[in-house]
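Trainee: Hey, can you work out the whole structure from these sequences and the hints?
2 protein chains.
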Amino acid sequence: MKHAILTALLLATLGACATSPRKEASMRRFGIVIHGGAGTILRSEMTAELESDYRRALGEARDAGYAVLQRGGGAVDAVVAAVKVMEDSPLFNAGKGAVLNAAGDCEMDASIMDGRTRAGGGVAIVRRIKNPIDAARLVMDKTSHVLLAGTAADDLARSHGLAIVDPDYFKTERRLQQWRKARELEQRKQSTRGLHERVSDLAGDPELRVGTVGAVALDQAGNLAAATSTGGRTHKAVGRVGDSPILGAGTWADNRFCAVSGTGHGEMFIRTTAARDVAAHVEFQGMDLDQATRAVIKNIESVGGDGGLIAIDRHGNIAMNFDTPGMYRAFRLSDGTTSIAIFD
Amino acid sequence: MKHAILTALLLATLGACATSPRKEASMRRFGIVIHGGAGTILRSEMTAELESDYRRALGEARDAGYAVLQRGGGAVDAVVAAVKVMEDSPLFNAGKGAVLNAAGDCEMDASIMDGRTRAGGGVAIVRRIKNPIDAARLVMDKTSHVLLAGTAADDLARSHGLAIVDPDYFKTERRLQQWRKARELEQRKQSTRGLHERVSDLAGDPELRVGTVGAVALDQAGNLAAATSTGGRTHKAVGRVGDSPILGAGTWADNRFCAVSGTGHGEMFIRTTAARDVAAHVEFQGMDLDQATRAVIKNIESVGGDGGLIAIDRHGNIAMNFDTPGMYRAFRLSDGTTSIAIFD
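Chain order of the listed sequences is U and E.
The first sequence begins at 17 in my numbering and counts up by one.
The second sequence begins at 17 in my numbering and counts up by one.
FYI, nobody ran anything at the bench for these hints, they're computed from the structure.
Heads up, a few of these hints could be off.
Claimed, not checked - Simulated coverage check for chain U against chain E, where a stretch passes if three residues somewhere in it have a Cβ under 8 Å from a Cβ of chain E:
#1 263 to 272
#2 284 to 291
As the list claims (entries may be wrong) - To give a feel for the contact side, a few chain U residues facing chain E, derived at Cβ under 8 Å:
#3 Leu66
#4 Ser68
#5 Ala135
#6 Gly136
#7 His161
#8 Leu164
#9 Ala165
#10 Ala168
#11 Ala169
#12 Val254
#13 Gly255
#14 Val257
#15 Phe300
What the hints assert, rightly or not - 25 Å max Cα-Cα, derived PhoX-like pairs, lysine-lysine:
#16 Lys158(E) x Lys146(E)
#17 Lys197(U) x Lys158(E)
#18 Lys158(E) x Lys158(U)
From a predicted model like this one, the values you see are computed outputs, not experimental measurements.
The beta carbon of each residue, even a glycine, is placed where N, CA and C say it ideally should be.
Mentor: Written as structure tokens, this is what we have:
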């Protein structure tokens, strides 16, 4: 792990003689950390205008979540608010702007976890839900299940009144170009290999990774939550499920330890239970979040993957680690600490 | 955890002066442990004939896997062989005999993990693959993905020549009866509740749980593997994905620590990354398999679930723990130790 490491300690002073519930609440530590994908863009390819667009969108997403926390709202509401801004932005690979699969369609994955109850919900390969993170929350709140896949998840969302859109809503010209490039690469590879190696081999191509979005939050009541949403990988196989809808792989939250969201080579995050392992290092080994996220990224590297992880714990400590050239990221904490960054 | 605990130590003596590769290999410890589901039947409901059928099927599945190990085959081949016998038997909730979802269809999940490489593969909500565990292995061996869901997984299996059957192949009269009972219960519950509580609330009903099948093995080369396959829960929501296709939740294998397969309330196995956590307790806390599986079952109970776990480590130690009235289970080790059991 050769790149940026950032750990901020929230040094909010807790008033020992708070006189009103309102004041007491306002003095608790809280905060939010978000990511908009790791390893998706090289500095050499980034224009000033595009960078400005990304920074603005990251700031909006972060502040949408922070506003929920500031007015005393819950961590679950905050991470959903932040993720929805990124799902609605065409800049990120989630919701509008999701990448296209091998068939040229968008199939999206999302999950959420509530650290208070360790309840969670996820949806996989959905095609019509405007905000997949809302559907993940629906699975958590309104069903006895944890993960729903395919058209049944779209149908559930519709029956509960979530916004449903035409599948074309998600597609952007930029993603179509990436898909064409991927298809060309795939065809070139196919011409030199047998059938067995062909199936979505491109999913691992670093040129075609386009990230994921996610958020982790600590609210004023001390609750943690995490949320992750993605379109997956360009030219992925139809029906491919990545780490983002899976608790333990892309998303984890447990009030006792931390909330975590990941972005990167999803298959490797599944094979290393990346998000859970961050918490496991804290739980079983007493690591801090910086150590824990570094250790997990090393483990992801040991099976050939890479990516990034964001985390927040119940004390308001945060970590944002990655081993890719960059990770779109931002945070805001109740002590006034705040940042938006893309590269190291 | 109030019920049966069984841990066997494999006491094979390793010859220090083995003279030929053949002899050396034959003296290495190896073995297999299987389960056919936890908490699925009460002793009071078990007839002598049915019990005999289950014991025979468990023995056949175990011995199919053991035969692979005995002739020097790999752990991955062994767990697949064992699981396929149970998938082909109408007695178990996997492959033929899978339970029916809310729409009266079979949607099956399976996964496999190779402890040597920590590679894995899974399929979710497949409807036409005769042996879902073969498809899970296909995903592991022939794609760059780890999990495929829905008709795309069926299509992949077909394109690689796996046996495809009509969806009716899986359905048995016994499962249809369970489904009718579940539907009645559901309708009764619906009449007294609002829409929000309705969605597959029955999935948690202990009367309607019907288990999962799984196997873990240690081969003569010292490699570990785990495999799990299921029809899910009776009257589950269409599109519901349980723990069985998810690495870390229902299945885990890592040569350094252990191989694990779970059966029980799948949602709670996902929320506790049950299979991974068994290995995490071994890795981070130095627990033995009995301690690790007990600790994980306690954690599953802490979120309201129950079930069972089987595990084997690289030394040939095994564990089969559960907190349900019974768990179909069997093992055979190269020291001659062997057992078939259902209740405590």
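Trainee: If a hint holds in the structure, say so; if it doesn't, say that too.
Mentor: Against the structure, the hints come out as follows:
With 3 residues bearing a CB less than 8 Å from a CB of chain E, the stretch 263 to 272 of chain U meets the requirement of three and the coverage assertion stands. For a cut-off of 8 Å, the count of residues in the stretch 284 to 291 of chain U with a CB near a CB of chain E stands at 4, and the three-residue condition holds. The criterion of a C-beta within 8 Å of any C-beta in chain E is not met by Leu66(U), whose closest approach is roughly 29 Å, and the hint is violated. Interface hint at Ser68(U): violated, since its Cβ lies 35 Å from the closest Cβ of chain E, which is beyond the 8 Å cut-off.
Of the supplied interface hints, the one on Ala135(U) holds, with its beta-carbon coming within about 7 Å of a beta-carbon of chain E, less than 8 Å. A least Cβ separation of about 6 Å between Gly136(U) and chain E falls short of the 8 Å threshold, and the interface hint therefore holds. Checking His161(U) against chain E by beta carbon gives a least distance of about 5 Å; that is within 8 Å, so the hint holds. Using the Cβ-Cβ criterion of 8 Å, the hint placing Leu164(U) at the interface with chain E is satisfied: the shortest such distance is roughly 5 Å.
Restraint check, Ala165(U) versus chain E: the minimum CB separation of about 4 Å is within 8 Å; hint holds. Hint on Ala168(U) holds. Least Cβ distance to chain E is approximately 3 Å, under the 8 Å limit. The criterion of a C-beta within 8 Å of any C-beta in chain E is met by Ala169(U), whose closest approach is roughly 6 Å, and the hint holds. Annotation: interface hint on Val254(U) holds; nearest CB of chain E at approximately 4 Å, less than 8 Å.
Because the smallest distance between the Cβ of Gly255(U) and any Cβ of chain E comes to about 3 Å, under 8 Å, the interface hint for this residue holds. Contact between Val257(U) and chain E, as hinted, is supported at the beta carbon level, the nearest pair being about 4 Å apart and thus within 8 Å. This hint holds: Phe300(U) has a C-beta 4 Å from the nearest C-beta of chain E, less than the 8 Å allowed. Distance restraint check for Lys158(E) and Lys146(E): the Cα-Cα separation of roughly 18 Å lies within the 25 Å cut-off, and the hinted pair is therefore satisfied.
Simply put, Lys197(U) and Lys158(E) have alpha-carbon atoms about 23 Å apart, close enough for the 25 Å limit, and the pair holds. For the given pair, Lys158(E) sits about 37 Å from Lys158(U) by alpha-carbon distance, which is inconsistent with the 25 Å threshold.
In terms of the numbered hints stated before, the structure departs from hints 3, 4, 18, listed from lowest to highest.
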